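Peer 1: All chains should be modelled from the sequences, with the hints used to inform the complete structure.
Protein chains: 4
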Amino acid sequence: MLSVTLLEHTPEPERVVAMAARLCYASVGAKELSERLSDEKVKEMVRKMVAIGHGSTLEHASFTFGVEGVSRVLTHQLVRHRIASYDQQSQRYVASHGFQYITPPKIAGNPAAKARFDALMEEIRSAYDELVELGVPKEDARYVLANAAETKILITMNARSLLHFFNLRCCLRAQWEIRQMANRMLAEVKKVAPTLFHNAGASCVNTGLCPEGDMTCGHLEDMLKLREP
Amino acid sequence: MLSVTLLEHTPEPERVVAMAARLCYASVGAKELSERLSDEKVKEMVRKMVAIGHGSTLEHASFTFGVEGVSRVLTHQLVRHRIASYDQQSQRYVASHGFQYITPPKIAGNPAAKARFDALMEEIRSAYDELVELGVPKEDARYVLANAAETKILITMNARSLLHFFNLRCCLRAQWEIRQMANRMLAEVKKVAPTLFHNAGASCVNTGLCPEGDMTCGHLEDMLKLREP
Amino acid sequence: MLSVTLLEHTPEPERVVAMAARLCYASVGAKELSERLSDEKVKEMVRKMVAIGHGSTLEHASFTFGVEGVSRVLTHQLVRHRIASYDQQSQRYVASHGFQYITPPKIAGNPAAKARFDALMEEIRSAYDELVELGVPKEDARYVLANAAETKILITMNARSLLHFFNLRCCLRAQWEIRQMANRMLAEVKKVAPTLFHNAGASCVNTGLCPEGDMTCGHLEDMLKLREP
Amino acid sequence: MLSVTLLEHTPEPERVVAMAARLCYASVGAKELSERLSDEKVKEMVRKMVAIGHGSTLEHASFTFGVEGVSRVLTHQLVRHRIASYDQQSQRYVASHGFQYITPPKIAGNPAAKARFDALMEEIRSAYDELVELGVPKEDARYVLANAAETKILITMNARSLLHFFNLRCCLRAQWEIRQMANRMLAEVKKVAPTLFHNAGASCVNTGLCPEGDMTCGHLEDMLKLREP
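Protein chains in written order, with my numbering: chain A, 8 to 236; chain B, 8 to 236; chain C, 8 to 236; chain D, 8 to 236.
Worth flagging that the hints you see were computed from the coordinates, not collected in a lab.
Be aware that a few hints might be false.
Pairs count within a copy or across copies, as identical chains cannot be separated in the list.
[Stated by the list, open to error] Calculated cross-link-like contacts (lysine-lysine; reagent style DSS-like; alpha-carbon spacing at most 27 Å):
| # | residue 1 | residue 2 |
| --- | --- | --- |
| 1 | K113 | K145 |
| 2 | K197 | K50 |
| 3 | K198 | K48 |
| 4 | K145 | K55 |
| 5 | K50 | K198 |
Note that the coordinates shown come from a computational prediction; the quantities given were computed from them, not determined experimentally.
Peer 2: Following this line, the structure appears as structure tokens:
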């Protein structure tokens with residue numbers, strides 16, 4: 008079961024963004040700025056920073072997620088996002104006897120496929136156990152583990168990096184599992200920084216551009232049609 | 008006057024590092040881990056992560072500083088540290104009439120030099136004002152401003168990046184102004200994460216290595232002599 | 008005098024991008040891919056990678072520039088681009104007696120302003136020399152140097168980072184000096200990677216979006232008007 | 008079969024490092040510097056930059072490798088190195104019928120384990136094919152693929168990042184497969200930049216420090232003993 012928890016974050020993420028913004032343009036000091044900013048002013052400045060893409064101000068707000076119930080298909084994609092910090096459960100040090108696994112919905116919804124899939128996972132579990140019994144170290148036995156094997160990961164990203172991550176991974180063209188996780192992360196950060204992430208999501212929603220070319224899902228075109236008179 | 012304020016930080020910086028560490032090596036989930044970690048266990052794990060240089064776990068703890076009373080000599084060096092986020096007061100948008108400036112101690116302590124220095128700063132202030140009056144935009148008038156001109160900057164770094172920053176900038180061979188700021192930053196983070204930054208500082212103190220070669224200050228050698236029987 | 012030289016670059020920048028692209032989508036190996044790609048196919052694939060924003064493929068092509076005749080106003084902005092490598096002439100180690108300087112066009116074209124500016128630079132040169140004579144170390148005497156002081160810098164960026172740099176810095180809203188340098192860098196890379204940088208430039212030109220909001224120069228609007236029937 | 012090819016690199020990697028170094032400390036321009044540097048001088052400066060850890064100068068030299076015959080165990084670790092660029096063969100777009108796989112030596116050398124391992128891989132191949140026949144998309148069928156499945160990847164790293172990579176991954180404590188690849192990469196770059204990578208390798212060899220604590224392999228201790236009288 009996918010579980011996404013916002014474990015830690017910069018205590019007042021929107022206030023720190025607003026302070027950064029004002030520091031750039033005003034002649035007062037950092038401490039003073041903080042004292043003088045009302046909640047309404049903070050919101051206004053955050054909206055402006057997001058709108059004009061003044062990305063550096065968004066980097067001072069940082070978010071740490073604990074994620075469980077995801078496959079290594081997902082994490083191998085995830086860790087390609089380099090402006091982020093990760094720590095992941097090790098298959099080298101943690102034994103994988105009776106490992107859990109993620110079943111893709113298109114397999115779960117296809118009884119013949121599901122039966123084959125489950126049987127294979129059972130087979131892989133047995134093979135892993137047998138190899139370990141035969142004296143193969145865990146770090147080598149793991150070569151048999153499936154991409155589907157469940158893993159856990161800690162993710163820290165700043166708001167700028169998150170907005171970019173959502174652009175790519177909330178997109179309907181993104182792989183289903185990472186999209187599901189990205190949407191859950193977005194829901195979490197919206198609770199603590201609603202203005203900062205107000206308009207966050209796939210590129211089409213967030214920037215009005217679809218970078219997918221011929222492979223577009225058509226969502227942007229649909230949105231634009233709705234706006235026509 | 009140099010002012011270094013720790014404006015924001017990950018609420019429990021050492022706990023998040025310990026959680027990251029345990030996630031890698033244990034088979035329980037992130038939430039569970041947090042509940043079960045005593046303060047003593049947190050400290051023990053943080054010590055271990057720092058000792059073995061498991062840097063990724065240290066990245067989840069993030070610190071935001073407001074810094075004032077520094078020169079652009081300092082900030083031009085500072086922003087070369089790329090694993091960090093900055094927002095700096097703009098000389099393009101903020102007028103610099105009567106700008107403040109930083110006087111190096113070796114000038115402050117040399118009356119003839121100080122007189123020359125102060126007179127020149129006064130001269131630059133006048134020139135800036137005159138240029139603006141002659142219709143030169145602020146963004147061009149600033150070409151006359153001295154390196155000494157005071158600036159303000161917001162800095163966010165994670166603990167791993169900070170440890171590296173302290174290695175280089177708390178060193179006696181570092182430029183005096185950035186060293187002064189680095190030492191103040193170190194004092195601030197020690198208050199909220201004493202175990203994480205227990206042994207932080209210049210390379211010689213932190214790693215037992217001096218990378219300065221022939222240009223060493225000799226501090227490491229002195230420390231090693233003290234340890235001899 | 009601004010001087011921008013492309014000192015080194017990945018020997019066949021477009022071929023390496025095309026190879027990266029094919030590796031992702033084809034079942035043949037890296038060496039094979041290279042042998043089979045015609046020049047025409049390379050161009051086609053590069054065009055596609057740029058169009059769909061498959062940025063990772065563009066990172067394998069890297070460019071090193073030697074830049075001289077720029078001010079520290081420029082370099083302080085430049086080094087804020089963190090996905091890049093820099094080495095800059097040190098004012099700490101290299102003496103600045105009789106330093107050269109950059110005169111902004113709006114000062115150069117205003118005789119009264121120019122006279123004031125030149126006189127001040129002369130004054131700063133004298134002050135620098137006097138301070139050094141009074142025993143102030145170079146690294147402290149430099150506090151008097153103007154933002155206008157000439158510096159030299161070596162820059163390495165990959166194609167993805169360059170495209171982003173051009174988005175921001177070829178923009179008419181960018182500061183004039185860094186825009187001038189960015190345009191020169193763009194001209195240089197177009198000579199060796201014309202397809203890769205075909206459409207490069209300010210955001211409006213490159214992406215069809217203007218992130219400047221109310222502060223837009225109007226160029227995008229003008230371009231869109233031209234396209235109307 | 009592991010295959011590591013150095014596909015592209017900065018044409019004169021050591022010369023560009025030397026130029027960067029001289030630019031920092033000398034008062035002549037970049038072009039001039041290049042002309043005046045003899046091969047012997049280049050080597051001398053590179054040696055110095057490596058010795059004092061002036062890392063920024065090493066970043067201007069960049070290396071692109073094509074790697075084949077590696078498992079996803081390896082690539083999932085590899086892509087955690089963030090100061091690098093990657094493009095990897097996609098299991099989403101490229102079909103994996105009859106996929107190749109990597110057999111760990113400790114399995115290859117244990118006949119019972121090898122038989123079990125090979126049979127399981129055959130079983131996974133069949134399951135993959137059946138799922139695709141049952142209408143499961145490639146991107147979901149891949150959830151059954153083993154960690155052992157062969158993949159191909161393009162890697163670009165600069166010399167500074169490579170030196171760090173070798174510190175960690177040439178270490179005897181590193182996982183055997185990535186260590187094998189790291190050693191091959193090191194052999195390749197030594198051919199084109201022998202001075203730059205002269206002393207490269209595991210931390211103990213390169214820096215004289217072992218960060219592994221209690222888990223040290225003892226190699227450093229052995230080396231130190233050899234140096235005793």
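Peer 1: With reference to the structure, classify each hint as holding or not holding.
Peer 2: Outcome of the hint check:
| no. | hint | verdict |
| --- | --- | --- |
| 1 | K113 - K145 | between (31 Å within a copy, 11 Å between copies) |
| 2 | K197 - K50 | within (13 Å within a copy, 32 Å between copies) |
| 3 | K198 - K48 | within (19 Å within a copy, 31 Å between copies) |
| 4 | K145 - K55 | between (52 Å within a copy, 23 Å between copies) |
| 5 | K50 - K198 | within (14 Å within a copy, 31 Å between copies) |
This entry satisfies every hint, going by the numbered hints stated previously.
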